[in-house]
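**Q** Okay, here's what each chain looks like letter by letter:
Protein chains: 2
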Amino acid sequence: MQPIERPVETKPPEARARVADKDLLRETLRDQTERGQTKSDIVLQSVQRLLRRGAITNLSKMLGRMHPADIAKVVTHLSSPKEKREVFELVRGEAKRGQVLSELDGDSIQQVLADLLHSDIAWLLKDLGPDDVAYILGFLPEERGKEILALMKTEDSTEVADILKYPKDTAGGIMTTEFFSLPEDATAQEAIRRLQQATDAEMVFYIYVTDKEDRLVGVLSLRQLLTVPPATTLKNIMTRDVISVTVDMDQEEVARQVASYNLLAIPVVEKDGRLVGIITVDDVVDVIREEATEDMLKMAGAIEEDSVSKSSSVGAAKVRLPWLFTNLVGSLLSGAILWYFRFTIQEVVAIVSFIPVIAAMGGNVGLQSSTLIIRGLATGTVESTDVWTVFFREVKIGLLMGVACGVILTAVGWVWHQGFLGMVVGASLIIAFLVSTSMATIMPIVLKRMGVDPAVAAGPFVTTANDITGITIYLTLATLFLEHLR
Amino acid sequence: MQPIERPVETKPPEARARVADKDLLRETLRDQTERGQTKSDIVLQSVQRLLRRGAITNLSKMLGRMHPADIAKVVTHLSSPKEKREVFELVRGEAKRGQVLSELDGDSIQQVLADLLHSDIAWLLKDLGPDDVAYILGFLPEERGKEILALMKTEDSTEVADILKYPKDTAGGIMTTEFFSLPEDATAQEAIRRLQQATDAEMVFYIYVTDKEDRLVGVLSLRQLLTVPPATTLKNIMTRDVISVTVDMDQEEVARQVASYNLLAIPVVEKDGRLVGIITVDDVVDVIREEATEDMLKMAGAIEEDSVSKSSSVGAAKVRLPWLFTNLVGSLLSGAILWYFRFTIQEVVAIVSFIPVIAAMGGNVGLQSSTLIIRGLATGTVESTDVWTVFFREVKIGLLMGVACGVILTAVGWVWHQGFLGMVVGASLIIAFLVSTSMATIMPIVLKRMGVDPAVAAGPFVTTANDITGITIYLTLATLFLEHLR
Chain X
1 MQPIERPVET KPPEARARVA DKDLLRETLR DQTERGQTKS DIVLQSVQRL LRRGAITNLS
61 KMLGRMHPAD IAKVVTHLSS PKEKREVFEL VRGEAKRGQV LSELDGDSIQ QVLADLLHSD
121 IAWLLKDLGP DDVAYILGFL PEERGKEILA LMKTEDSTEV ADILKYPKDT AGGIMTTEFF
181 SLPEDATAQE AIRRLQQATD AEMVFYIYVT DKEDRLVGVL SLRQLLTVPP ATTLKNIMTR
241 DVISVTVDMD QEEVARQVAS YNLLAIPVVE KDGRLVGIIT VDDVVDVIRE EATEDMLKMA
301 GAIEEDSVSK SSSVGAAKVR LPWLFTNLVG SLLSGAILWY FRFTIQEVVA IVSFIPVIAA
361 MGGNVGLQSS TLIIRGLATG TVESTDVWTV FFREVKIGLL MGVACGVILT AVGWVWHQGF
421 LGMVVGASLI IAFLVSTSMA TIMPIVLKRM GVDPAVAAGP FVTTANDITG ITIYLTLATL
481 FLEHLR
Chain Z
1 MQPIERPVET KPPEARARVA DKDLLRETLR DQTERGQTKS DIVLQSVQRL LRRGAITNLS
61 KMLGRMHPAD IAKVVTHLSS PKEKREVFEL VRGEAKRGQV LSELDGDSIQ QVLADLLHSD
121 IAWLLKDLGP DDVAYILGFL PEERGKEILA LMKTEDSTEV ADILKYPKDT AGGIMTTEFF
181 SLPEDATAQE AIRRLQQATD AEMVFYIYVT DKEDRLVGVL SLRQLLTVPP ATTLKNIMTR
241 DVISVTVDMD QEEVARQVAS YNLLAIPVVE KDGRLVGIIT VDDVVDVIRE EATEDMLKMA
301 GAIEEDSVSK SSSVGAAKVR LPWLFTNLVG SLLSGAILWY FRFTIQEVVA IVSFIPVIAA
361 MGGNVGLQSS TLIIRGLATG TVESTDVWTV FFREVKIGLL MGVACGVILT AVGWVWHQGF
421 LGMVVGASLI IAFLVSTSMA TIMPIVLKRM GVDPAVAAGP FVTTANDITG ITIYLTLATL
481 FLEHLR
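Protein chains in written order, with full-length UniProt numbering: chain X, 1 to 486; chain Z, 1 to 486.
Just chain X, same shape as in the assembly:
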């Protein structure tokens, strides 16, 4: 490994240029992917190698050939802020640098922009859509954001300010104000002309039609426009039944609508029906991934981060601890129950052999049921009206699995210790399974009805509650039949 200060001239430049050579890279890719490494792994390694060698020219060439999204990925994965800044500065052209910026995560944006002047940042942002600008500025201190906005074209900055005034996770907060709309009495010919002139609305899928008060009244596809006589007014060809969302709708609900109606973009309206923006499907894709990640992390009590290696470890620990504390209290309660039954345990010590099984299995069975329900509620395959169907199904499955595991446990108990203990363990397990599946099914639906996020239910509460129930049932039964166990 060469130190960073090493001069670039020790090898003929051609030899080093090859590292960034497309064919060689492709070949390396083929070799390495077979060894389980992904393309981005290898690109990242190449960039790091070039950085370490200080091979600036080659690195810059390589970046020139890369897609902004791939550069953003590399920047995100570099470990030091210094390296991130170095790579970012080497991207040529402020349009491309702006695009890279719009694909970065919050921390990288802060690090990369830390030393830049407000005017430089305004320059980078000038070609981006207002939604991307709003996204980027959302990670900077409010004061700084305002100063940067003040340096941009008034037209652009008002649009950005419009988006920034809505909460980040609502339709208003993720929409773009660059959409293409026309009055209902425009003709197809006029529409095509306007379309040819419209330079900012780069991705036009639908043409939205509005009335005199700017209220959304219809929608047209681009192809519809090309296939009618030029003098037709839009009013006569548009579809009047437009699916739209209001500015304050939660982004998760927006995503669900776009997904279920297979839309490319969904218009966003104010409460009075005025069209104020659109949300395109590529942003919805991001929302869906984010929400799925969030739900999974919530279920494990680790919601802090949408990605690793970002926030400080102390911060991460702080966010994860409450969940662990809940568990700590719960399992201490289980411990207290064991302590309460200590005489039973001391008398028939074989009982301890099955404590872990009883404690773990109820929680696990519950986790299966609640994961299924929570995910179903999130994707819409389970509705809260399905509650009884779902409930009886899960309880039935719980019973079936309880009997299967219970029989095995009884046999194990019989062989290992004695017949009666086996029966007690088996029976406890079956009861614990029934309690567990019922609770795990009901809890998320009840929470959802109460307006609480059901993803938290699968977490510590259900598991802990199930563990306690299991142990209580087991030791109560064991104490009741103590004479037969001795």
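Worth flagging that the hints you see were computed from the coordinates, not collected in a lab. Keep in mind that a hint or two might mislead.
Stated by the list, open to error - Within a straight-line C-alpha distance of at most 27 Å, the following computed DSS-like cross-link-like pairs (lysine-lysine) qualify: (1) Z:168 / X:298; (2) X:318 / Z:396; (3) X:212 / X:165; (4) Z:39 / X:271; (5) Z:146 / Z:165; (6) Z:318 / X:396; (7) X:39 / Z:39; (8) Z:82 / X:396.
Got chain X sorted already, so can you dock chain Z onto it with the hints?
**A** For chain Z alone, kept in the frame of chain X given last:
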């Protein structure tokens, strides 16, 4: 509640028509959504009520106003196959019924089509895209699918057969063969004319350009076409750097590409570069949701179903049991360890008070780490090259949390029983946390490198292994310091 047979004429028809009335429905919606019910809940309830009353005319009217995707949702949620068929039959127009069909899940498709003739099914499918037809036929017995295909237009059926020959979860299996491509020497004017005639490729976002051997060589946006002089050849305006995927690429990887490059559609090529289809972003949205669901269920060992209330309970139990059996064996091992240390436990019975804490906490801490890593690997925010950064971060967090929980436990132990036991418990917990976070971080990355799905790692193996480690450490320490605990 009225019996199903009750004649429809007992009330004036207007009174009942209102149930399906848009304004009333909207009002009910507002009332009910405030009570935590969703729009689809209420629509479902209305449909069920109309079905029960046998109010066929009103139901049919209501269905006439609904979007095919919403009808599909209702059909999916109806509990009996008979009801599903009834509602499906009431949808007017085979084009709309075809669309409803394409939005249904596998079980509902089978139930709804069960009694239909092959020719009727072929008629329903005639207006659908080949990807949708392939999706639907994929759920019917192969023989039946072939006979239906034989009844369709040869042109359509070859396209469907082309898709059906690829595995369901690859690019080839989810692509549509209805895309719009032109030779590189066509002019912009010709392109526009061809576009106006192309009736099947309903959603044109990009125009793909091919060479004489049908190989994909470039791409154009619709707007680019409109803004150049009519005589320009496509060769001169197209973008040559097209992002494409090969037919055999896994659908999850396809989704990742579409998401990271913000594409609306991605072209699918054969190994020789021939363009054979495209995958549109709305299908990618489905893939992303499916894969997230699958990962979540895998982590809980309940992969059987992407939705509840579908497959039989016995089937579901069979799929979930292996995971529980792994857990059973694991926790019996923990039990065996307790049994091995039974003399220690009998001598100082206070030890049992902390067994649940030690057993549960290690597993939970591991679950947090591995969920984070698994999700990161799935979304691409964690690369396998990040392994050390991620590892040290998680271990550090584990240590911090271990110290926090360890101190609390020491205090609890001190107050509850005696000082030395508290220290043993605290120390065991910290060690268990360290082991647990290390394993939970390393396992998914190692599994991924070995080509195994990392989502299984968060499940039973890591948790069980962590539980065993925790208990072993605790009881070993307790036995070593037994003299001080008495």
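**Q** State the violated hints by number, sorted upward, taking the hints as numbered earlier in the document.
**A** Hints 1, 7 not satisfied by this model.
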